[in-house]
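Trainee: Each chain is listed here by its residues.
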Amino acid sequence: MSDKEVLARIYKGDEKALDYLYKKYYRMMVNLVMKNSGSEQEAKDIYQDALVVFWQKVSSGNLVLTSKISTYIYSVCLNLWRKELDRKSRLVNEEKDGTEYIEDDKAERIKIVQDCVEELGDGCKKILQYYYFDGMSMSEIAEKLGYANTDTAKTKKYKCKKKLDLLIKSKYKASDFLD
Amino acid sequence: MANYKQIQNLFDKYFRGGMEPAEQAEFEIQLHNDPLMQGEFELQKDIVDAIKQSRRNEIKGRLDQLQVGGSQPFSFMNVAASVTLATVISVGSYLYFESKAESEFTKFDLTSYVELAESTEKNIPAIPEALVKREATEQLIVKEQTPQLAKEQLVIEKAKPTKISPPQIFIPEAPDELGEINELEVEDDLANNTKGFDNVKNNDVPSFEIENVAKAEMFHYQFYDGKLYLHGNFDGAPYNIIEFKADGKRKVFLNYNDAYYLLNLKQKETAPLTAIKDQNLIKELKLLNEE
Chain A
1 MSDKEVLARI YKGDEKALDY LYKKYYRMMV NLVMKNSGSE QEAKDIYQDA
51 LVVFWQKVSS GNLVLTSKIS TYIYSVCLNL WRKELDRKSR LVNEEKDGTE
101 YIEDDKAERI KIVQDCVEEL GDGCKKILQY YYFDGMSMSE IAEKLGYANT
151 DTAKTKKYKC KKKLDLLIKS KYKASDFLD
Chain B
1 MANYKQIQNL FDKYFRGGME PAEQAEFEIQ LHNDPLMQGE FELQKDIVDA
51 IKQSRRNEIK GRLDQLQVGG SQPFSFMNVA ASVTLATVIS VGSYLYFESK
101 AESEFTKFDL TSYVELAEST EKNIPAIPEA LVKREATEQL IVKEQTPQLA
151 KEQLVIEKAK PTKISPPQIF IPEAPDELGE INELEVEDDL ANNTKGFDNV
201 KNNDVPSFEI ENVAKAEMFH YQFYDGKLYL HGNFDGAPYN IIEFKADGKR
251 KVFLNYNDAY YLLNLKQKET APLTAIKDQN LIKELKLLNE E
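Protein chains in written order, with our numbering: chain A, 1 to 179; chain B, 1 to 291.
Note that these hints are calculated values from the structure, not bench results. Cβ atoms here follow ideal geometry from the backbone N, Cα and C, with glycine treated the same way. Misleading hints may appear alongside valid ones.
Here chain B is said to cover these stretches of chain A; the calculated rule only asks that three of the stretch's residues, wherever they fall, bring their Cβ under 8 Å from a Cβ of chain B [claimed, not checked]:
| id | stretch |
| --- | --- |
| 1 | 1-13 |
| 2 | 118-129 |
| 3 | 133-146 |
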């Protein structure tokens, strides 16, 4: 499968094209992290994160690739691993200084919302994911999820989002989300 | 603050990066100046981040389920295990094949020895029965050096006390004038017995070495089984066989060393060669022999 074909298939939301890339470059990318003080699990996480970034950029139409896919993913892996090393280094310093780790609250709030998203059901979850993460247009979502037209997709998305907001606000006070 | 739908559309446009720079700057100023709007924005941002994160988790979960064949990263333990396994296999294979090779070699040696011994027995050319019978009472040592046997030597010993210079028999090629010589079948019986040796060099003139203890200096002959056997030392000069055929009768003469001998075709037992003394007959034989 050529790079051009992979890009075309990912743009259309074909997840099997991503599976293909994952297998193809697994060794190269994992070795990159492991040769730079990373564990096997860390290397795997970084590589998967890089592919997620690549998927999001391509599917949303925000990527103009001027190099080979492998070169791009390699750079993303390298940057993500540097960020992770910085984060770990910062975490060690914060523990030494006794500084409260601010991101813990953020992570907790995210977890609460995720639980609510799961309660919405698969249909609502998919349409919200495609809209906010994959960056799909309403016509693409309609096509992907088999809706009659774009307006149907818009209405469905609006209802799902409102339902999620109400669910979150009914379960948790606003103060739980505000610092 | 605008109604829910308007706010949601504004926030979605911002989260999806759809605002122009000027529109985005104005939006951020508005957020800064409106605490209620800012509170709602923070809530919506967390919700959008959570939705994105759930999608990331889904994709990563999908990738995690994929079997990446043979792509497990190297680790010290993996390498150590591989090296150990390879070493065990190598050493085991070496010992196994070394042992097998050794046993095969031993087996080969034994087989070769047996086969060599058998082939030596089989390859012994048969000694003319008549010759054996004739010398039954003699202490006879026969040494053959047939050209067909090349380097192989056959030695048949029958309790020989001493060696005496052996007489040689030269079997001539059939003379042209005796085209029927095949009927007489003057041939070297020992040479015939070595025909099976395809791998040895074949010479035109076979030679025999016979040691006759009792009568080495005497010349004898016999016809046995349709073949002429000459006994004695014939290495002094070449000899010829002259055969005459007329009215269904055959006469055979031997010419050796300027002497002519009449050979009796019915002589089955060994008999001494007696030179012809009839000068007329000798003269005629010489003329025929010179033609």
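Trainee: Could you run down the list of hints and mark each one as holding or not?
Mentor: Taking the hints in turn, this is what the structure says about them:
1. 1-13: violated (count 0)
2. 118-129: With 4 residues closer than 8 Å to chain B, the stretch 118-129 of chain A meets the three-residue bar; holds.
3. 133-146: Holds, because 3 residues of the stretch 133-146 of chain A bring their Cβ atoms closer than 8 Å to Cβ atoms of chain B.
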